[in-house]
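K.L.:
Spelled out from the first residue to the last, the chains are:
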Amino acid sequence: MTTPAVAEILSWYASETPGTRANLARMLNTGRLAGTGKMVILPVDQGFEHGPARSFAVNPPAYDPRYHVELAVEAGLNAYAAPLGMMEAACDVAVGELPLILKTNSSNSWATAKDQAVTAGVDDALRLGCAAIGYTIYPGSDAFFDQLDKLRDLAAEAKAVGLAVVVWSYPRGEELSKDGELALDVTAYAAHMAALMGAHIVKVKLPTAHIEQKDAVKAYDGLDTSTQAKRVAHVVQSTFAGRRINIFSGGATKGEDAVFDDARAIRDGGGHGSIIGRNTFQRPRGEALAMLGRIIDIYLDRDTDGEAIPDQPLG
Amino acid sequence: MTTPAVAEILSWYASETPGTRANLARMLNTGRLAGTGKMVILPVDQGFEHGPARSFAVNPPAYDPRYHVELAVEAGLNAYAAPLGMMEAACDVAVGELPLILKTNSSNSWATAKDQAVTAGVDDALRLGCAAIGYTIYPGSDAFFDQLDKLRDLAAEAKAVGLAVVVWSYPRGEELSKDGELALDVTAYAAHMAALMGAHIVKVKLPTAHIEQKDAVKAYDGLDTSTQAKRVAHVVQSTFAGRRINIFSGGATKGEDAVFDDARAIRDGGGHGSIIGRNTFQRPRGEALAMLGRIIDIYLDRDTDGEAIPDQPLG
Amino acid sequence: MTTPAVAEILSWYASETPGTRANLARMLNTGRLAGTGKMVILPVDQGFEHGPARSFAVNPPAYDPRYHVELAVEAGLNAYAAPLGMMEAACDVAVGELPLILKTNSSNSWATAKDQAVTAGVDDALRLGCAAIGYTIYPGSDAFFDQLDKLRDLAAEAKAVGLAVVVWSYPRGEELSKDGELALDVTAYAAHMAALMGAHIVKVKLPTAHIEQKDAVKAYDGLDTSTQAKRVAHVVQSTFAGRRINIFSGGATKGEDAVFDDARAIRDGGGHGSIIGRNTFQRPRGEALAMLGRIIDIYLDRDTDGEAIPDQPLG
Amino acid sequence: MTTPAVAEILSWYASETPGTRANLARMLNTGRLAGTGKMVILPVDQGFEHGPARSFAVNPPAYDPRYHVELAVEAGLNAYAAPLGMMEAACDVAVGELPLILKTNSSNSWATAKDQAVTAGVDDALRLGCAAIGYTIYPGSDAFFDQLDKLRDLAAEAKAVGLAVVVWSYPRGEELSKDGELALDVTAYAAHMAALMGAHIVKVKLPTAHIEQKDAVKAYDGLDTSTQAKRVAHVVQSTFAGRRINIFSGGATKGEDAVFDDARAIRDGGGHGSIIGRNTFQRPRGEALAMLGRIIDIYLDRDTDGEAIPDQPLG
Amino acid sequence: MTTPAVAEILSWYASETPGTRANLARMLNTGRLAGTGKMVILPVDQGFEHGPARSFAVNPPAYDPRYHVELAVEAGLNAYAAPLGMMEAACDVAVGELPLILKTNSSNSWATAKDQAVTAGVDDALRLGCAAIGYTIYPGSDAFFDQLDKLRDLAAEAKAVGLAVVVWSYPRGEELSKDGELALDVTAYAAHMAALMGAHIVKVKLPTAHIEQKDAVKAYDGLDTSTQAKRVAHVVQSTFAGRRINIFSGGATKGEDAVFDDARAIRDGGGHGSIIGRNTFQRPRGEALAMLGRIIDIYLDRDTDGEAIPDQPLG
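Protein chains in written order, with the numbering used here: chain X, 6 to 320; chain E, 6 to 320; chain S, 6 to 320; chain G, 6 to 320; chain B, 6 to 320.
One chain only, chain X, in its complex shape (with noise of 0.2 Å):
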């Protein structure tokens, strides 16, 4: 039966249907994590981002879409997000095990304009047993109002059916200096964004402590973001006070540590999981595996590595 912590969160979607609500718990229910309100979900749409070799060749078995669905099965995660095509490939391998988000829009390394393209359907994710839609959006991009406008019409159909929205909120553009796309009035204002728009699950990038809004600084005197922990909290308070899935990503491949420390700040700060995919098929099979075992005990507190936890204490 559902626990105390899913039914809390199911209870801040009062206004969706049970259809919705139904796919938010099958998400929350699945994998080690099930039931504990936490969640690990592995995209993999880097094929798009930046081509197939930059994203697989260090680990080539990655090539083939059945890949990541059987390590998201094995890894007892949560979901697996990914673009229509890979989806088609794959949805069959774990069929109605492992809920599946459908990425409806999406980049590329050659983009001549800070937009993406709708590449997929509620039609797509009805047929092929999704979840959920995922949606990306660049607040502060010139095509930021065209994407707010089709992620609308998108949102709409998929709550009708019974399907969950998730949406990957990242700012950039003109008003937006490079270090500014990591800022943390920018990501707290980018995720509330997309609490707006009606998501679900709203995804950000974990946030630095600078602060890039000159009009916002006064805002910020006085509130303690010296923690990565500190700042998630912020973002999750961000995010209806914490009223609306909020999960992170830490960006591109790096060292092990520096990933669990992320899960740990996530953790300490309220935010509700991780999302990690370079960082997992970019590894071989076995280590991937360690790394998401390691991460998920990290939300169990069965985090055995101690001295990690100290460093980042929530003020």
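Treat the hints with care, since some could be wrong.
Repeated chains share a single entry, so a pair holds when one copy, or any two copies, can fit it.
Pairs of lysine-lysine residues, derived as DSBU-like cross-links and limited to a Cα-Cα distance of at most 35 Å, are as follows [unchecked claim]: (1) 119 - 259; (2) 210 - 235; (3) 183 - 223; (4) 164 - 219; (5) 219 - 119; (6) 119 - 183; (7) 155 - 235; (8) 210 - 119; (9) 183 - 235; (10) 155 - 259; (11) 235 - 259; (12) 223 - 259; (13) 235 - 219; (14) 223 - 164; (15) 155 - 210.
By construction, these hints were calculated from the structure, which means they are not laboratory data. Computed from a prediction, not measured in an experiment: that's the story for all the values here.
Assemble chains E, S, G and B onto chain X, guided by the hints.
P.N.:
Relative to chain X, chains E, S, G and B alone:
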């Protein structure tokens, strides 16, 4: 990952979308029978058929729609089937955990025709997060052609959005005697027609050894129909040589031993499971759970009453 | 490239789209009769009409929907016709090789009206990769007008998406005696009405020499109806002077010689082929293949039983 | 250029689109009667009504759908009307030359109700290049309201795409005696209702002098109904004071003189022409052409048989 | 019956409808390569791209759209691809025999943007009897996102009605040098994106050993790209580990030996075939047939010029 038993069953549905296969898999992978290819389903449409007091007075907690969902989850069943209002009132109880089958037509005690009204639609099934729609046909009734017309429309719509289709096939009408409704030839024909309509799961009543149709007597010459298991085997054969999921009910409330004998016969005859309503919710909760537990044990071949099996050898 | 025989037939359908002509061509260019302008088609809707045991008990492998598709391919037939569920369960067996005709309406032994239910649609035919839809009408029955209304809608929809339309025309009803259902005048009228409805392929039963309609007796004065071939020739003439594909069945299972005589009569009368169900699948596989091979030989004028042809001279 | 006669007729249809007026003009400007405001139309739906042998055995070339189109062109007629299959099989013969009227409903000899089935649609008429749809109503039959409902839908659809609408109005039913079906009051009423339904061309049978309705007797007091021409004039008056095209048929095959007398009466009574089926295609081709030539001469006032006209003076 | 090679390929498309699989099978089971899992396709869209004289003046019979269909049939190719008008003008030539791919977008020499116009739709493909739609994308161009939006809609519509989807992926745009358009990394990326969009068949140009993207250089470290076959193998790997049909063209007209070397490299690298336009129709008919015959022999491993193969060993 998908077990060989479930993979074999899903291979029968290769013409359907991954969404429909995923919903079949969800039913097959839920509860204590998960992965075995066998199913026990709880249907509660007695209220429509016979009114609330005749259905629930013997066990008053059953008046509450949530009672049944909780019972099905606790007993480790595969799915729960109910009409629209029951589903709306309880679908959140075990949200995302228990696959739901929305009955889309229903009859009642005061009906003036051997027919059913369409009482729910595919859009309801999606917004309530159901895995399948259910539909009852009455082969032999004046309304049968009209029922098939409507089933064709509902089934096509359901398949297009990735839902599964469960058909209850209950022969009745001018051409059939009372005994004929449970006759072996009639039951096999009823199961076959449900499969011909594109049902993914076919539900019939356990047949007697009676042969109703004069024109069919010769065809049954030489077929051993002496045991329930053998009769189940013939119905399974009549349902596309066993390439469709075939589940059985035993009819009116009866003694526990009869219920267990039914389950053994279904198992030994190659049926895929039991659908068991009144015999469940018209017993006190504890008794019901014990009985369902024992039935599931039978399908798991953990039948502690070892003597029963030799009583039902398949020739 | 298209043979003269096939090109001549396709020229009759110049008002249809290339898609519909292509699907007619696919049927005419498949199997051992490819390119001859003749067809032998296997229909399996006996399960709906008479139930599974009466249909398949005599040859149990035929319970499996895949059996029939494999048989049709091995025998070198032109096409296979079946209801929705049968087609869903076996359409992948000879994927893309054997043209499929989806029967879109069906009756059954317990029907209380001389009617059929619509059991499949044009969308089903497309998703299952069929070349044509099939539809049965009962000229003379109370339901006939309603059947034509529905046929008109299905046929218009099929033609718009490039499918072919096959109409089974079986007279029955109050106005016709039992003998009358197979009468020559009645059969010719039934074939004519199917053609008037826009059928591309018209299927009737082989007619007797009986003239049923009093008002028609005079019109048949002087027409030689003494042989089956001559009666076939009149039906063909009644089907737009032979400018529509006209195929025939011989009815109930019977001796092989009768089946071969039928084929010779169809050939000599200018019919386009045989549709042969029970006589095929109710024999053991080897016998069925031998019989179908001989029938095809007859259409190829490789009839080894030379004596039979002189018995059926066309005056 | 448009003649005064045709311009006058088109002015009656000012509320219709130019497309519909253009299709009326195409019929009025085709054949030997082009520009005169008069029409002779060949309808071939006898095959549906009476079966192929009763329709065509007397003149076997008429079994071929192309025969009729060729005949209509050679005779210099204004238009050709036929059901769907006949039209599909022959519409290419005189493509773009002969205006086509697609009959969209049909009855048959075995019908158990005084009704017709809808057998073609406006989409068919467009794809086959027709100028108009045709539709038959049976005022007085139980099915009349339903027929009007369907006519309203078809006519509205036809007008929206610029097609003309021809209505055959044939009274029959419980309330009418056999003689009453051709009664003057009944025919006038039937023509009026067709016009009220929005028909552009109204087709009725030539009326007798009988008055069927008791309530109507008084209204006919003092009206001279002694000649066919005077009765035609009353029907024309009843059809919006002659502001709708009104064409007549003479019923069953009969002697040539009777046919010519009919044409003279239609002409003298102010009718717009003849629709003449069986009397055409049930004669040998040469005879039919001669007869049609003579009828057209009558409408052109080049009636060589001068004696006939004084016989039918309009009082 | 389906060969193991074709069955293996069809298994990659398990998420599609039987209709789509049947159309893929029709392409794989046509021509001299039927059943081998290899394909040679003739595309004729040069007229749109470069104008008629530059396309056909060198071989004037090629101005006639029927020329190409006849050539493809005579050469025993698997399919023919062309824009709407070419298809309408010739689809009846080999009706039902040669699978047709309707190109649904096209560019031209005077285009002011690196884009294509949508020039045909799924409804066109159905009415013309096509097995697939074709669509070209320009990864890297300003119009790329818009092209993907439109491809998503066309592909979803095509899949819903059982058609296959072929995507031509041609990198071009500001971010790419002229050499870069054929670079190995760029080609692999272009093929990958086509697969991600849900293409069933991916068509790219044979890549050079150049690596265009600075960020990708490291990923190609250690990959042997010294032969064409090895480069083909990398593109195939990049297209879902070879689980999508991957076909190649060699670009501009060139000597025969180069064409044969290309085919050997595609074969040895695990590609599924050649798409060869200008090199076919810009030669005299006899030469073209000889050349296509030799290419097919190469795919059949009946390569008579044995010396060529050792030149292209797969590392």
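K.L.:
Can you name, in rising order, the numbers of the hints this structure does not satisfy?
P.N.:
4 and 14
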